[in-house]
Every structure is written in structure tokens, then in C-alpha cells.
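Same order as they appear, the protein sequences are chains G and E. Mapped onto this note's numbering, the consecutive letters of the first sequence carry residue numbers 1 to 389. Mapped onto this note's numbering, the consecutive letters of the second sequence carry residue numbers 1 to 250.
For the record, the hints were derived by calculation from the structure and aren't laboratory data.
Here are some chain G residues pointing at chain E (derived, C-beta under 8 Å):
| hint | residue |
| --- | --- |
| 1 | S5 |
| 2 | D19 |
| 3 | M22 |
| 4 | I23 |
| 5 | T26 |
| 6 | D29 |
| 7 | F30 |
| 8 | E58 |
| 9 | L59 |
| 10 | P64 |
| 11 | A73 |
| 12 | E74 |
Since the structure is predicted, the reported quantities are computational estimates derived from the model, not experimental observations. Even for Gly, the Cβ is constructed at its ideal location relative to N, Cα and C.
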Amino acid sequence: MNKFSGLDYFDITSLLSEDEIMIRNTVRDFVSAEVIPIIEEHNRLSKFPIQLVPKMAELGILGPTLPAKYDCAELNNVAYGLIMQELERGDSGIRSFASVQSALVMYPIFTFGSEEQKQRWLPQLAKGEKIGCFGLTEPDYGSNPGGLITKAEKVDGGYILNGAKMWITNGTIADIAVVWARLDGIVKGFLVEKGMKGFSAPEMRGKHSLKASVTSELLFDNVFLPDENLLPKTVGLKNALMCLNQARYGIAWGVVGSMMACYDSALTYAKSRIQFSKPIASYQLTQDKLVYMVTEITKAQLLNLQLGRLKDKGLLKFTQVSLAKRNNCEKALDIARISRQILGANGILDEYPVMRHAANLESVITYEGTHEMHTLIVGEDITGYSAFD
Amino acid sequence: MKIAVCVSHVPDTATRVKIGADRKSIDPNGVTFIINPYDEYAVEEALKTKEKLGGDSLVYVISVGTDANKETLRKALAMGADEAILLKDDNPRDSFGIAGALADEIKSLGCELVFFGKQSVDYDDSIVGQITAEMLNYNCVHIVVDFKLDGNKITAEREIEGGREVIETELPAIITAQKGLNEPRYASLKGIMAAKKKVITEKPAAASTNFSEVIEMNLPAPKKPGRIIGTDSSAVPELVKLLREEAKVI
Numbered sequence: 001m002n003k004f005s006g007l008d009y010f011d012i013t014s015l016l017s018e019d020e021i022m023i024r025n026t027v028r029d030f031v032s033a034e035v036i037p038i039i040e041e042h043n044r045l046s047k048f049p050i051q052l053v054p055k056m057a058e059l060g061i062l063g064p065t066l067p068a069k070y071d072c073a074e075l076n077n078v079a080y081g082l083i084m085q086e087l088e089r090g091d092s093g094i095r096s097f098a099s100v101q102s103a104l105v106m107y108p109i110f111t112f113g114s115e116e117q118k119q120r121w122l123p124q125l126a127k128g129e130k131i132g133c134f135g136l137t138e139p140d141y142g143s144n145p146g147g148l149i150t151k152a153e154k155v156d157g158g159y160i161l162n163g164a165k166m167w168i169t170n171g172t173i174a175d176i177a178v179v180w181a182r183l184d185g186i187v188k189g190f191l192v193e194k195g196m197k198g199f200s201a202p203e204m205r206g207k208h209s210l211k212a213s214v215t216s217e218l219l220f221d222n223v224f225l226p227d228e229n230l231l232p233k234t235v236g237l238k239n240a241l242m243c244l245n246q247a248r249y250g251i252a253w254g255v256v257g258s259m260m261a262c263y264d265s266a267l268t269y270a271k272s273r274i275q276f277s278k279p280i281a282s283y284q285l286t287q288d289k290l291v292y293m294v295t296e297i298t299k300a301q302l303l304n305l306q307l308g309r310l311k312d313k314g315l316l317k318f319t320q321v322s323l324a325k326r327n328n329c330e331k332a333l334d335i336a337r338i339s340r341q342i343l344g345a346n347g348i349l350d351e352y353p354v355m356r357h358a359a360n361l362e363s364v365i366t367y368e369g370t371h372e373m374h375t376l377i378v379g380e381d382i383t384g385y386s387a388f389d
Numbered sequence: 001m002k003i004a005v006c007v008s009h010v011p012d013t014a015t016r017v018k019i020g021a022d023r024k025s026i027d028p029n030g031v032t033f034i035i036n037p038y039d040e041y042a043v044e045e046a047l048k049t050k051e052k053l054g055g056d057s058l059v060y061v062i063s064v065g066t067d068a069n070k071e072t073l074r075k076a077l078a079m080g081a082d083e084a085i086l087l088k089d090d091n092p093r094d095s096f097g098i099a100g101a102l103a104d105e106i107k108s109l110g111c112e113l114v115f116f117g118k119q120s121v122d123y124d125d126s127i128v129g130q131i132t133a134e135m136l137n138y139n140c141v142h143i144v145v146d147f148k149l150d151g152n153k154i155t156a157e158r159e160i161e162g163g164r165e166v167i168e169t170e171l172p173a174i175i176t177a178q179k180g181l182n183e184p185r186y187a188s189l190k191g192i193m194a195a196k197k198k199v200i201t202e203k204p205a206a207a208s209t210n211f212s213e214v215i216e217m218n219l220p221a222p223k224k225p226g227r228i229i230g231t232d233s234s235a236v237p238e239l240v241k242l243l244r245e246e247a248k249v250i
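This is chain E alone, in the form it adopts within the complex (with noise of 0.2 Å):
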């Protein structure tokens, strides 16, 4: 079977980001990127479902974007995919302009399932996966935290509140991965010497429509600074009442 998993480039959760001088994008110099951490949980699914499946099986790692993508997509063929795909676009797309491209690939390699991250953790719109299966015709469980395949069939299950929610579905479809689903492993040192002699193959992205557009960027405002009240037990009361009557927390 083929097994395709979507991995986003993005800036990796311990930077602090600059907006650029566009105002539409942050600046990348000094941001280190890294894969998606949600679409790592989506390739250890794809790789524990290929040695569960055995046989010829094949893991198509895709991402869409710029040159710079090449390095997540050579961390998850470090992991152990099998062929990773560039489709590039130097322009910004949104959700919709991605799941385009997405779906065109997927497409054409015949993958009837495929693994993302439950969202990226940059624009954070967690709409990708049911984009592109929409577009596929695809069955979609989203935000997934346990998964088992039996032929054709798939059982997924998803937290909710109080509890988890178990859905079954079949093939072909998409599935996207929550935190939980399974611990990723690390790409092992031989795993990384061997990625370097696999290729990744360039192609330009199939045109798709972009929805939404970026139109300004601006920072949170910055936090105002604490006030000290008091330094020992009598400043209490006051407390209090400050907690209760200005910041109505209690």
C-alpha cells in the first residue's frame, strides 16, 4: 500500500518571531524551523502502519513550499519514509491553496492513506487534512489519538471531553494525528547517513486558489508590568480585594 504523510516547515515553538518588513510574514532570519511537531506523530503512524503491513509497502513524505522545506522533509526520510516530494510554490498559499496541491500529489501516487498533523503549529489553522480530503473524496477522522487498520478498515478514536470517541471508517482516507497518537522516534544516526542518498523529488505545486490572504501581522501588545502590593501577610486584605473587585478572578 502507499502511505502518504503532509509535513509542515515551521518555526520551531522555542523562537521568539519578528514580524518582517512586509508586515504580512515574520522575518526568518535567526528563526530555526523544524518539522511540524504534530506532523511527527503523523509519520511515526505512517511507518508503524507500514511494518504492521509489511510487503512493498511505501511511505511518500510531501510538503509544500520553498527550498527550505527540504529540511523537514529529509528529517522525516531520516525517520524512515521511503521518497520524499517538494511541491514548490515560492508564493504563500493559505489552507485551501495547500490542500490543493496536496491533493493533486496524492493523487497521482495513489495513496489511499495518508497521515497529517493535526495542525501546523504556525498559522495554526488545523484545516489541511479535511481540506484535502474534501477535495479527494477521501473518509477524514481528525485529530486522532489511537489508530488501527484491519484491511480496509480503520478504527480511530479521538478525545473528547470526559472521554474518547471511537470511529470507524475505511480506506481510502485521512487521518490526522493529535499529540498522544503514538512517541515518535528519533531519526537514528544510520537513518540519517541513509536519507542522505535518497532524493527528493522537485516538482512545481498544481495551481489552486487561495481563499484568504494575509493583510497585516502584528504582535500580541506587550504585557503591562505587576505591581507589588506589599511584601508580607498584611498585604493580604488588599489583595483581595484587588483580586476580587479589579481583576474580578475570584
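If we strip away everything but chain G, and leave its shape as in the complex, we get (with noise of 0.2 Å):
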């Protein structure tokens, strides 16, 4: 097994409970052993592993904070951030499918559906049998999405949906999709399931991003929905970003891992790599770049530490997410780069994790509000001026 230790350089293991600890180790260990001997050739072949949702599944990392009583397994969210680390130190494309499932499709099934809906969907949801996708984003409708344009109409016994989704991880492969869709001018969630007539979901293709993940469009022509498929404690467009600020806080958590992947591979290649007789690690401007790595990796730890402290006390703010979704995404975009450098011509194979990381967090710098939005955010929170609308 290839074994993984992790960095940390400021002992932030001592403020983790014994559990957090087993928990982030055991997910570590699963990554080790079945993620990366694997990802690279799927993400060469733009294929998803999906042979790995059973055994993610019996880990239990599907909708791991939800209660026991639909199958799961009942964690806080430091446990939940460490999960999304370890994921993430695979790859970004398996962070999100599990991302997806847990924060973006069995969160808001949980949170907004009926006990019908979550007796019916969460337990399969959490055994890997069932696979969910989150519908909001549209072709027109990226950054703004107050404005998305996907209809549903009353009819009797249910709803018609018209419209059209863009960007939705998982869609191809998924067996329900919560969308966001307008009735009578209301933002709504719904559950569409997959065979239903007038639903398709063609997969994306041409990534060079998140290539070992499904990514589709959603297209609805005139789809009937029986009434039990609306999610009815859904009242506008504040649940569904309620949702999205779930799946940040896990990105926050999951980006930290590629950013020990990255460095773990450029320091052991700075150490091993000789140039004029000496390894590169010992010239200063390698030093420079190191240290840089792990001044911000420590910084982005400390940082989730308290997010998740604050989530568990129920003290969050969703601007202190887009703060530290918006930093950590940067941040290991940067340190993907500069790792890159560090390897030189041999950073651009896929012998290395760091191109195919460098990649992947072009997409998770955009996706779940785009580093501009969260500026944005964050700085109508300081300043009481709101910049975009």
C-alpha cells in the first residue's frame, strides 16, 4: 500500500477527537489503497470509477452526517470536512461525487422532503444503490442563478417540467436528480428520477477537467412529476443555496487534500531529483517554493478546523464558507502550479498527480460559486455594499 502520512506541520491532529482522527485515517488508507493505484488511467480514459461507490458505500462516506436511522452514519462535520481532505488527496472528481450525493442530493432530501421521500431515498442513497445529481445551474444561469428559467407546471396529480440544466455531476449515471425549477414564480425543488418520459441526461464531453468524473446536462421536455415528487418544505431560492453552502464547506475541507497531494509529490521529487550534483531541494528558490506550500496548507488547516468547530456549534456564517472556499481553492490552485514547477518536464505526465490535480481545481475554482462570487460575498458582508445585484 502506498502509504500516506499526510502533512502536518502545526500537530492540528491534537486538537482532533480520537474518532476524527480514526475516521480520516481510515479514509486515508481507503484512498491509498483503492484510489490512487487506479485514477490515473481513469482520468486518461475520462471515465468515472464507479466500481468504487459500493466500497464507498460500505465505508459509510455517503451522507455521513445524516442520523442512523436512514442508514448512515451519524458524524459531525469535522469528521465529514476530514472525509472530503482525504477524497480529495485521490482526486477532485471522486471528492465530488460523494460531495454531490451527501450535501447537494441527500442533504436536501433530508432536509426540505417528506419521511416518505427520505425513508424512501436516503437509505439506498447511503448504500451506494441509489446515485443522486443537483440540478440548478443552467446554460444561461451560472453565477446568477436567481434568474434560471427551468418551469414547472401544476397539472392534475402532479407537475409538468420544462427546461434545461448545465454542468450536473454524476446526471448521466444518476437514478434521481433534485432540481431547482420555478412554479408559479417560486423556486421549488423537485425529484426527477431517471426513465421518466421527456428526461434525458447526455453526458459532457471534452473536459480537461475533472476527467475521471460524469459530468451532464439535464434536459426536461414536458416531464410529468407526481405530486409526492416535489420536495414541499422547499419555499425558494434560499434552499437551494443552502445546499451549495453545504457542498462549499466540504470543498473547503476536500481542496486541502490536493494540496498534499501536490506537495507530497513535489518534495519528494525536489529531494530526489539531482541538478549541478545537488538535489533541487536544496537550493534556496525550491526552498522558497516549499515553504510557501506549507505555510498555506497549514494555514488552510487551522482555517477548516474552525469552520468545522463553528458548523458542529451551529454558528456558521455562509460567508465565512465562501472566505474559506474562496482562499483554499486559490490557494491550491497555486500550489498545484508551483508543484508543477518543482517537477519540471516531468510534472506534465500523468506519472505524477500534480497536472491532473492542477486541472481538476480549475473546475473546483469555479464550480459552487466562482472565486469572483465569493469575493463578492464576502465583500458585501464587510462592507454592507452588495457588487452584483
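Assemble the dimeric complex from its two separately framed chains, guided by the hints.
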């Protein structure tokens, strides 16, 4: 097994509980044994390793914070964050899968669903027997989801859904889609099931990023949804944004995994690569790069831990999630690029993970709120002026 | 049936150990400790056996040592063991001393089937299982790669040079696990949360005599640096000569 012991320059592990440490180490070992050995090949072939889904489910990483009565592990948010971190050390696409299933499918069903919907879907989603996706973004409404035009109309016994969604992780492989659409002008959540007449989910091809993840369009052409497929507790766009806040929280943690993977690769390479008769790690310019990485990783780790502790206490503000998502994605991308520089030409090969992480992070810095939008969210919070509407 | 698994808390094999100030033990600072890797096979086999037997079978996991060993016991509980027992002794014990404490506990629990890892990767004595079997007058099969239990009858396989040795014996017995016996399960996240609620019983380890003592620990001498005798094919004759005459490996 490829042993990875993480980076913990400030002994942040000492701030974790015994079970948080055990959960982190278990997922870390899982990623080393199951993800790392296969990920480059899947990425090269633009293929999602769907064979990992039952194993992830068995481990209990799908919807892990939800109650035990739905077959979930009932973990706290710090443990959830650590899971995301370890998964993304493997690949952002694997983390995206778990993120979407947990934060964007199971969370809204749990939070806005009826008891029947919860009973029907949550245990199956936790066991990986069903896969879910989340449809909010549309071709013309990305950073401005409030403009979405997908529409539901009330008819006898249900609703008729028309419209299209884009950039939907897991779309093509999903058995259930949580879709946001206007009903009499108000944004509501609906459960659209695979196989419903008029519903299709073609995969988007040609990606240079998140290649080991499925990204799709969702097309609704007069899809009939029975009454019971409305998420009854949804009352507006803010419910969709609550889901995104969950997912952003996971991303803030996740990208630290990418950072650690890149740093680990760069450090190992720098110590063994000899130029001018010395390892390149012995040169000041390389040390400057490595120290920058360790510093930014340590800062992000501390930021995340406090973010998680606040969330567990119910004190977390969405603006704090924005700050963390914004900072950590930016630094992760910096670290991936700098690692690539340290690796020189070797850095572009898929023998090393850094170029894959760098490419993935271009998506991660954009989805779930672009870097710019998070800047403006925090900007509005501290100045009182909204710069975007 | 009551099944016991004896586990050891050892430095992570990826750790670089340093010798402590007393020159008789390693410096634990900065060292990550893990469940002994061979013991994971033992835990897995115990759990598999319990699952096959069904009914009210129980898996007890036992460790001799300090409070630090609780981490390893917790891991075994998270994998699915039912109860954990820490036999405490802050003083170092040799294999005989450890076996004495384990035998005493196994006897009082009444476990008929006991799994060990074939050896701990710290001191590598590879003997605790066998001494324990001798003390309890149990049958013992050491370094096992395949295990079957049918009623009272055990069929175990051992890897030997060029083949496998099949051994039949019966309960009560001690089996020591070798890599390949099974694929240890991950402690699931639900298992980890469930383990929080399970109790680790602590009691003093039964008195036992040590028959050996660590006098001193030393790191191996550092490797001599390599020698570059050339960078192209013209160096080959010299290289062959040195391999033959100096290193005497060809």
C-alpha cells in the first residue's frame, strides 16, 4: 500500500478527537489502497471509477452526517470535512461524487423532504444503490441562479417540468435528480427520476478537467412529476443556496487534500532530483516554493478546523464558508502550479498527480460559486454594499 | 463460542525510529503507532469466523501494554470486535511475559479459539502465540494462510517452500495469521462511531516472569556512500571487474 501520512506541521491532529482521527486515517488508507492505484488510468480515459461506489458506501462516506435511522453514520461536520479532504487527496472528481451525493442530494432530501421521501431515498443513497445529482445551474444562469428559467406547472396529480440544466456532476449516472424550477414564479425543489418520460441526461464530453467525474446536461421536455416528487419544505431559491453552502464547506476541506498530494509529490521529487550535483531541494528557490506550500496548507488546515467547529456548534455563517472556499481553492491551484514547476517537465506526465490536480482545481475554483462571487459575498458582508445586484 | 484476538500496538512501519535516552527502547516522540499489520488479519479472521458461526459468538480483543494501546483496541472494536480488554503494565515485558498475561486472561474468559498475528513488527520475535498455546495447553498452528473451522475441527494451511502444508487439529487452538489469510476490512465510519460506545476493560496484567532483557539498542551502521566509476558504456568492464572481485556478487 502506498503509505501517505499527511502533512501536519502544526500538530493540528492534536486538536481532533480520537474518532475524528480514526475516520481520517481510515479514509486515507482507503484512498491509498483503492483510488491512487487506478485514478490516473481513469482520468486518462475520462472514466468515472463507478466500481468504487459500493466500496465508498460500505465505508459509510455517503451522507455521513445524517442520522443512523437512515443508515448513515451520524458524524460531526469536522469528520465530514476530513473525509472530503482525504478523498480529494485522491482526486477532485471522486470527492465531487461524494460531495454531490451527500451535500446536494441527501442533504436536501433530508432537510426539505417528506418522511416518505426520506425513507424511500436516504438509505438507498447511503448504500450507494442509488446515485443522485443536483440541478440548479442552467446554460444561461451560472453565477446568477436567481434568474433560472426551468419551469414547473401544476397539472392534475402532479407537475409538468420543462427546461435544461448544465454542468451537472453525476447527471448521466444518476437515478434521481434534485432539480430546482420555478412554480408560479417561486423556486422549488423537485425529485426527477431516471426513466421518466421526456427526461434525458447526456454526458458533456471534451473536458480537460474533472475527467474522472461524470458531468452532464439535464433536459426536461414536458416531464410529468407526480405530486409526491415535490420537496414539500422548499420555499425559494434560498433552499438551493443552503445546499450549495453544504457543498462549499466540503470543498474548502477537500482542496486541502489536493494541496497535500501536490506538496507531497513536489517534496519527494525535489529531494531526489539531482541537478548541478545536488538535490534541487537544496536550492533556495526550491525551498522558497516548498515553504510557501507548507505555510498555505497549514493556514488552510487551521481555517477549516475552526470552520468545522463553528458548523458543529451551529454558529457558522455562509460568508465564512465563502471566505474559506475562496481562499483554499486559490491556494490549492497555486500549490498545484508551483508543484508542477518543481517537477519540471516530469510535472506534465500522469506518472505524477500534480497536473491532474491542477486541471481539476480549475473546475473546483469555479463551481459552487466562482472565486469572484465568493469575493463579492464576503465583500458585501464586510462593507454592507452588494456589488452584484 | 468465545473467540479472542491478541493485538499489539507497534510503530508504523513507515516511521523512522530513533533510540530513546535510556538506549533500551525507542523514542516514542513523533512516532505514529498502529495496530500490528499481521494482527489486522487476525481480527478479520476472528470476525469472519464469528459471522459464519452466527448465534451468540463473541470476539474479544486483548492487548498487553500501556494506555497507548487503547488506540489499537479501539481500531479492532471499530472493525467489529465486541469487547476489548487492556492488560496494563507500564514496564516492558518480553514475549514470555506478554504470553503469561494473555494466557491468564484467555483462560478466565474461556476463549476456545484465539487468533494472533504471526509476529509483531516491532520486536519481530514471532513467538508469543506459540508460548501462549503452550501455557494453555492449546493446539497451535503458526503462520497460517487459510483457515477453516467445522464443528470442533480445524483445517489450516501454511505456506512452505514450494507449496502448502495442510494441518488438521481441533479446538481449543491458537492460530497465528500470515498475510494472505484474508483481506482485512476497513473500519467503517459507522463501526468507528459504534466503537465509541463499546467499553475497554482495563485490568492489571497478570504477573509473569521475563526471561530476557533488552541490554542496549543501536541503529544499524549507516550505509557507505556509492561510488560512480563512469557514466557511459566504457565503465562496464571496470564495473564487471569490481562486482566480481570487490563485491563478489557475480
